[in-house]
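Just so you know, the sequences run in chain order A and B. Counting in this note's numbering, the first sequence runs without a single skipped number right up to 87 at its last residue. Counting in this note's numbering, the second sequence runs without a single skipped number right up to 311 at its last residue.
Any given hint could turn out to be false.
What the hints assert, rightly or not - Here are the simulated lysine-lysine pairs, BS3-like style, with alpha carbons at most 27 Å apart:
1. K4(A) <-> K205(B)
2. K201(B) <-> K42(A)
3. K196(B) <-> K21(A)
4. K205(B) <-> K92(B)
5. K21(A) <-> K4(A)
Just so you know, the hints here were simulated from the structure itself, not pulled from any lab data.
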Amino acid sequence: MRFKGNVIVRFKKSVLEPQGKAIELSLKEREYTDVEQIRVGKHIETVVNAASKEEAQKKIEKIAESGLYNPVMEVCHIEMEELDETV
Amino acid sequence: MKPFKNKRAGILVFPGTNCEKDLQMALEEYGFSVDFLWHQNSFSVEHDIYFVAGGFSYGDYLRSGSLAARSLSMQSLKEAVHKQIKTVGICNGFQILTESHLLPGALVKNSTLKHICKWVKLTPSGNWNDKLSKEYALPVSHSEGNYIADKEVLEELENEGRILLRYSDEVNGSAKRIAGICNANGKVIGLMPHPERAVFASNDYSYSRKLPGKEFFELVFQNI
């Protein structure tokens, strides 16, 4: 069966995220003065073949740890999704 | 010989722009007095021509040109375009003009996935068909020079002669090998190659002393 892991990678709160900062400042210079903070992360759609959702999650966790994120500066969160085989 | 010594040119500068000095040198060669226009300020539209210089505005964050397109100085540039003052966007300037919808389409990552920095052969086409040398060449330096647009837009550009420059060979995956286009009235021009890097003998890769950038500027300066 095919499963998709939505791997969300974000900078740790303590780390300056320059892209979000640039977008934030650009918005504040325009009419969006209520904007408090923008932080940009990565959404990595990872599709694997596995016998069960649990196995798929384990595989994707291993992939993520193999280098999709750097635990020194980033945190990672995985949301699993079963793919509809008819699509 | 300074044919435009009574003319004024405005160059829009954003954080991360890095081609404004080359442009200034090229323009001063023709006698223009040059003003740098900083992104945080609006400006009064009183120049004879505007340039949006190349570089990496706002670090190319979000999408190349996207944050620059929404800055204060661009509102003044839109006023200038409305007044039909000639406006030229080079490289990142072209990306800024598409992001601000002053030109159609968008520029995405090169199909090679690499930054391309070299001289390329160009074929003048459309309204510029016989306006530049047949064997034309200019330097390019970009990561996102792959022009895309809807089929209808591409047909419109083609039919109206608004594809001004094409890559003679495959370079970056650009639709119809587009390297430069203009808007409907021809006053807003966007191109990926850098004519300002081909104006002085020291820029000339071939030592032919043809200085193709000069041909470009002399064409653009007509009727300003």
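Hint numbers contradicted by this structure: Checked against the structure, the hints that fail are numbers 1, 4, 5, while the rest are satisfied.
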